[in-house]
Amino acid sequence: MFYIIVPNKHYFMKNLFIILFCIAGLSTIHAQKYFTRDGFVHFYSETPMETIEADNNKLNCVLDLATGNIQLAALVKVFHFDRALMEEHFNENYMESSKYPKASFKGQITNIANIDFEETEKQPVQIQGTLTIHGVQNAISTQGSLWIVDGKIHAVTAFDIAPEDYGIKIPGVVRDKIAKNIHIDIKLVLQPFEK
Amino acid sequence: MLRIFSLITISLLFSSVVIYSQDDDLLSLLGEEEHIDYTTASFKTSRVINLHSLENTAPGVMDFKISHRFGTINSGIQNLFGLDNASIRLGFEFGLTPHLMAGFGRSSLEKNFDGFFKLKLLRQSGGKRNMPISVLLFGSTVIKTATFQGNPDANFFSNRLFYTSQLIIGRKFSEGFTLQLSPSYVHRNLVTTAQERNDIFALGIGLRQKLNKRITINAEYIYVPADQLPAGLNNSLSIGFDIETGGHVFQLQLTNSISMVEKGFIAENTASWSNMGIHFGFNIARVFTLWQPKKM
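Residue numbers (the numbering used here), protein chains in the order written: chain A, 1 to 195; chain B, 1001 to 1296.
Calculated cross-link-like contacts (lysine-lysine; reagent style BS3-like; alpha-carbon spacing at most 25 Å):
#, chain 1, residue 1, chain 2, residue 2
1, A, Lys169, B, Lys1213
2, A, Lys33, A, Lys106
3, A, Lys102, A, Lys77
4, A, Lys106, A, Lys58
5, A, Lys169, B, Lys1210
6, A, Lys122, A, Lys106
7, A, Lys99, A, Lys77
8, B, Lys1128, A, Lys102
9, B, Lys1210, A, Lys99
10, B, Lys1213, A, Lys177
11, A, Lys187, A, Lys152
12, B, Lys1213, A, Lys99
13, B, Lys1120, A, Lys77
14, A, Lys77, B, Lys1128
15, B, Lys1120, B, Lys1210
16, A, Lys102, A, Lys169
17, B, Lys1213, A, Lys180
18, A, Lys99, B, Lys1128
19, A, Lys58, B, Lys1128
20, A, Lys77, A, Lys58
21, A, Lys77, B, Lys1210
22, A, Lys106, A, Lys77
23, B, Lys1213, A, Lys77
24, A, Lys33, A, Lys58
25, A, Lys187, A, Lys102
26, A, Lys122, A, Lys33
27, B, Lys1210, A, Lys102
28, B, Lys1213, A, Lys102
29, A, Lys187, A, Lys106
Hints are computed from structural coordinates only; laboratory data are not their basis.
Chain B with its partners taken away, still in its complex shape:
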């Protein structure tokens, strides 16, 4: 009989323990949710510095970009270290769908008009679908509208066109650190000298490290194999900061590229870091919501 009582007591105790532990975590009854956790905010904006980043403008949003590159720092105090001399690009860039953005811009340098698209092919994600990297496809066309230099017989519209195709492959390794590679192909319908090639293959590398929630340090380098560029042209190297202030992202940088379109900053850099022939510059990004994308 004693045995029965102790059995009952123990079983009652045990059952109350079981009930208690269930109540302590009721939500575990529902199990883990199946959810695709897409990686977001790999970069603060759609550019690393000059290179396009892993980020697209969100659907329904227009990103108005005002970018300046000043003269070279080694032009001295008389030119206020280059600030007297500014090259400007105004850009209007649109998020069309969650995967596609497109935009156009106009640069004062060479009076270039540029149009581009950027398409997300793979999105880095965790959870239900594990995808270690993001891959994007980028394409742009530049129309050089400056007064035609050189043989007037070659002054066709097609000879003013430049094309860039790029894959952007990258990964946000941690909350703070993102790295991307940008294998690029630039095609120029017309080059000015026989030493220059019509086709250029290059590899860009871009990274960012968060310094705090709102400030990141960014760097990029674009490697063009030496045999593809004539003497006097240099690979692009840029370092800068992104400062996000709510509605704006300010990107401040030092770069040896004056051009803000791909064909220029990949293959036409005359300035060099070696003699401080670098440019101070900034990009200001301001976003406007134009329409509401459909809720997913």
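Pulled out of the complex, with its shape left as it was, chain A reads as follows:
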């Protein structure tokens, strides 16, 4: 049996509680989260035949500074195209947005420990995680940058994805009009999350 001899029980307990409170206090500082409900995501596909682009400025994002965990989600239907018919086909034929209403990312800023959250100059970030589009998950990793303006975290990233990786079939007649790789740009301004 495991037994500790303590000269003064109460003294020990007092210290313990202080330690516990400190831990609790520390963890609340580090558990600080930042968020946005109106992040910007833009994609474009460019071929000699046609340029297709759309944007969505209702991207949701939460970043946990303690762990570097970052999550994003966008409603597919909110993507706006200049051409209404493209928007309809995007939802109906490719993304099947009534079946798969959201596109999301769940991952981590892997170098969060090296990031200074006071710095106003751009700092490189490494991001890794799982991107879910059209109900299909794929691991992705990309770079971005991050800087602070007036207590808000500004972040940008860009990467390419291939529709076929996400089970999005493109029929022969339009194959020349849709790029093999779709370029995605993301811009975020995250503010502290207070309950």
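Guided by the hints, dock chain B onto chain A, whose structure is given.
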């Protein structure tokens, strides 16, 4: 003392579990978004077959429609089952606002010019605002410019006019299935015989079922109570397919209506399905973006 340690251990374990579960779904912190989810793409285009559908042309877009109805299939091989004989309508239809479209067209049959508007009164939606149906108001005027038949003393411009008012009430029940009702009122300033009425009340029903992402099967029937039509005129029944190929929608159909304007296909059908007196026909819709509507 042991008790204190176990308490600490348990509480630490528990707290780490809590932290972990929070991290697993950070986005839930933001709560569910308040968003009106408007139902879209109830039909592939602004027509079921002949009837106007629940869909409007999008704002800033012109829909150029080329429609043909051939002769009756029972006219036999000598007329290539009607293909020798075509009735044409060219239509120019414009989305003006998210709720309003208007257009005009010209038919070879009776040399009709038609102008119409279609206004969305209610839009089917879910999410923040739950609206089970869409309701649209449609109105059209037809000017018959063919050489005036009948008593020349009645050859006034007003006697060449025909009006149709229609409510279009429908619901996209599922991703694939849409049903609509089109109660209609047709007014004719002049009718050719005493047996015909100036006012006709009718009820259209239209539906579509998706066969795959790009092909749908459509059907419509327009019921006109028997006492409103003279003998020899039939209710309109049409079945067809919509085939969407990217920039175009092809609608192929079999119908006993030769006319492509409301007053004609509601109240003037001489052909009948009973003796295969039906017409093969098609509508081709090609859209052009004319201007960018302001972003919402």
